[in-house]
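Engineer: Since the structure of chain A is provided, determine the placement of chain B on it from the hints.
Chain residues, written in single-letter form:
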Amino acid sequence: MNTNIILSGVGGQGILTIAAVLDTAALSENLNVKQSEVHGMSQRGGAVQSHVRISDDEIYSDLIPEGKADMILSVEPMELLRYIPYLKEGGWLITDSKPFENILDYPRKDKIYKQIKMHKNHIIINATSEAKKIGNSKAANMVLLGAASTLLPIPEESMTDAIKKLFERKSEKIVKLNLEAFAKGKELAQNFTEFVFCE
Amino acid sequence: MKHLVLGNEALAQGAIDAGLSGVYAYPGTPSTEITEYIQRSKTAKSLGIHSTWSVNEKTAMEAALGMSYTGKRAMVVMKHVGLNVASDAFMNMAVSGINGGMVVVVADDPSMHSSQNEQDSRFYGKFAQIPILEPSNQQDAYNMMHYAFDLSEELQLPILLRMVTRLSHSRAGVVFKERRTQNGIQLPVDTKRFALIPAFARGQYKTLVDKKGLLIDSSEVSKFNKLELKDSNLGIICSGIAHNYVMENIGEESDYSVLKISQYPMPKDQIKALYDHCKMVLIVEEGYPFIEEILHDYFEENPKIIGKLSGDLPFTGELTPNIVGKALGLTKDITEELPDIVSSRPPQLCDGCGHTDIFNAINELIPEIGNKNVFGDIGCYALGALPPLNTINTLIDMGASITMAKGAADAGMENAIAVIGDSTFTHSGMTGLLDAVYENTPITVIISDNSAVAMTGAQDSSALGRLKSICLGIGVDPEHLKMVVPLKKNHNEIVEILRKEFKYKGVSVIIAQRACVRLSRDKKEEIKQKIASLT
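So the sequences go chain by chain: A and B.
For what it's worth, numbering that gives the first Met the number 0 labels the leading residue of the first sequence as 0, then goes sequentially.
For what it's worth, numbering that gives the first Met the number 0 labels the leading residue of the second sequence as 0, then goes sequentially.
Be aware that a few hints might be false.
As the list claims (entries may be wrong) - Derived lysine-lysine pairs resembling BS3-like cross-links, with alpha carbons at most 30 Å apart:
#, chain 1, residue 1, chain 2, residue 2
1, A, Lys163, B, Lys527
2, B, Lys523, A, Lys137
3, B, Lys522, B, Lys41
4, A, Lys169, B, Lys527
Stated by the list, open to error - Covered stretches of chain B, as calculated for chain A (at least 3 residues, CB under 8 Å):
#, segment
5, 170 to 182
6, 246 to 257
7, 266 to 276
8, 307 to 321
9, 344 to 357
Said to hold, decoys possible - Ranges of calculated distance between the beta carbons of each label pair, as one might list FRET restraints:
#, chain 1, residue 1, chain 2, residue 2, range
10, B, Ser532, A, Ser170, 30 to 40 Å
11, B, Ser468, A, Arg168, 38 to 48 Å
12, B, Tyr204, A, Pro152, 54 to 64 Å
13, B, Gly411, A, Lys110, 47 to 57 Å
Hints were generated in silico from the structure; no laboratory data involved.
Predicted model, so just to flag it, every value in this text is computed and none were measured.
Every residue, glycine too, gets a C-beta built ideally from N, C-alpha and C.
If we strip away everything but chain A, and leave its shape as in the complex, we get:
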């Protein structure tokens, strides 16, 4: 079993928390993990990505080869498209629908969604607004992880255990919020049929 996941977004949007949950969960399943991440200049509002590789075999490269990603999980829709060359045929695209517009030449949104929808295996959800309803828009990353969860080779329980472990330092309330976000994402993905864009 080899699973390659690209996580993408804008610096500060919380993709490293998704990575930490995946790493912790995979390690608890006695699987091998390699996970590369971006530190430094790009973290200031630039494009950031993390490569997560999970396998029961030895993993060599810290980077996923192009055309070998099983999934691109993005907290921002245009950032999802940036890593399309990594996607393998039939791989999954999962993203928040909410754009992060901190550049002047941000593309037209309908074009972004159209491009994503050209891939049969996609899930586009309003993760940020769902997280806000639950209590904090910052938990959008856990909504997205929940949406991806049934497509990953790690048991759900390991992921929720990892969420508990990672957030318990903060407070019980934050653990609960993130678990709820995760469950909401799973539900949204299961009921997902089509994303309809309205300006």
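Structural biologist: Frame of chain A; chain B shown alone:
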């Protein structure tokens, strides 16, 4: 049990477990997390391991050498360009040799994710004639620290350990070993070798050169170098992280003959064995063609050696599994192209950042003072070189804003302006300011003081609360040392002060202090109190 750690953290834990007594460093991507890990480590704290940041890489290197002089194990950590700053100490401690084990960790940044160049630190190791270690994975990084300290004490030489961004910032599960106790204080038997007056230095240098054979022998038997002779068509020599990309493509069961090099000087016998065995040899290395240049003949006409010099691998940028696959003839075309609607998203200053207020004030005065006379420096404010601000014109190295402004003013430029951060100023700006004060050169230095080493993750700045007294101590005229608070509401006041100081035909310094917006409320309060207590 496996611990999930970054390559940098594996290395840091390795150092702690190898009996480290102190780490000395200045923050710099991609090396920062090594020192931060030791600062956070409860074990390190309980063992009294020194880990406070140094003012720059040179002071760090020298302090580490001082600790080694006492017989204890010391480590110094920096990014690749940091070694340029510390190279004086580095080159000379190869000649003096060390006492307690000494490891110099340098993290290179191929592809320049957060740097000005792609310099390959292995050349520094060769330059200083010391052993170099180059881990290819996180477990290697951990294991190598034990080995490096032992080797350092055995050879009485510092060891250069070269990391690269992709290993520094990639996590994996790592198994930790038992911890070794720290060395006690044991001063050198003969201190003469540390006193490099020419008479002693000549003897020491001869000793260093005479160790060359020992160093190569050590590489030949090193457990980190591995030769496997199989098929004789194409042999592969790969080093450090490049080994991963090769293995990713060929797999464990392949027929290729492979030599993995993770310890230098290069193992001559192993290379000769592979070279004689194979019809062609592909050299895969992250960084410059360091191995390739040595094996290639001077006129680059040896058809047997291929790699970066032959154009089979790109000379610039970091390697990827795809690039290496292509050189091996194994990668098929990419399945899908990047959609053309995707725009680039460069990093930018945070909302509410004080640097922006300074740039806005300078920009308002550009019509009066002219274009192209703002000299920049290294830090978040380097982003002032990008749209929409476009304020700064240069960025060369730590501290160069002040000295380049001085040189330009010497040449006759009017309104030469330097923009430098608080930590960059204490790192390498103070000496340049003294040059300007000494000649009363007409420049304006703006210290954009956010009271942190912000770009690398807001580490403590040793400049905190001391900038004013440092400038006065250097001899800046108190009449032309101005303090401002970079806030939108103070815009007009800042513009007025700048206008006046730009006109002054001597050295002006404007300290614009406001804590980095990314700091927590508690941290900002702590900074406020520290500044109050020092002024």
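Engineer: Checking against the hints above, which ones are violated?
Structural biologist: 1 and 7
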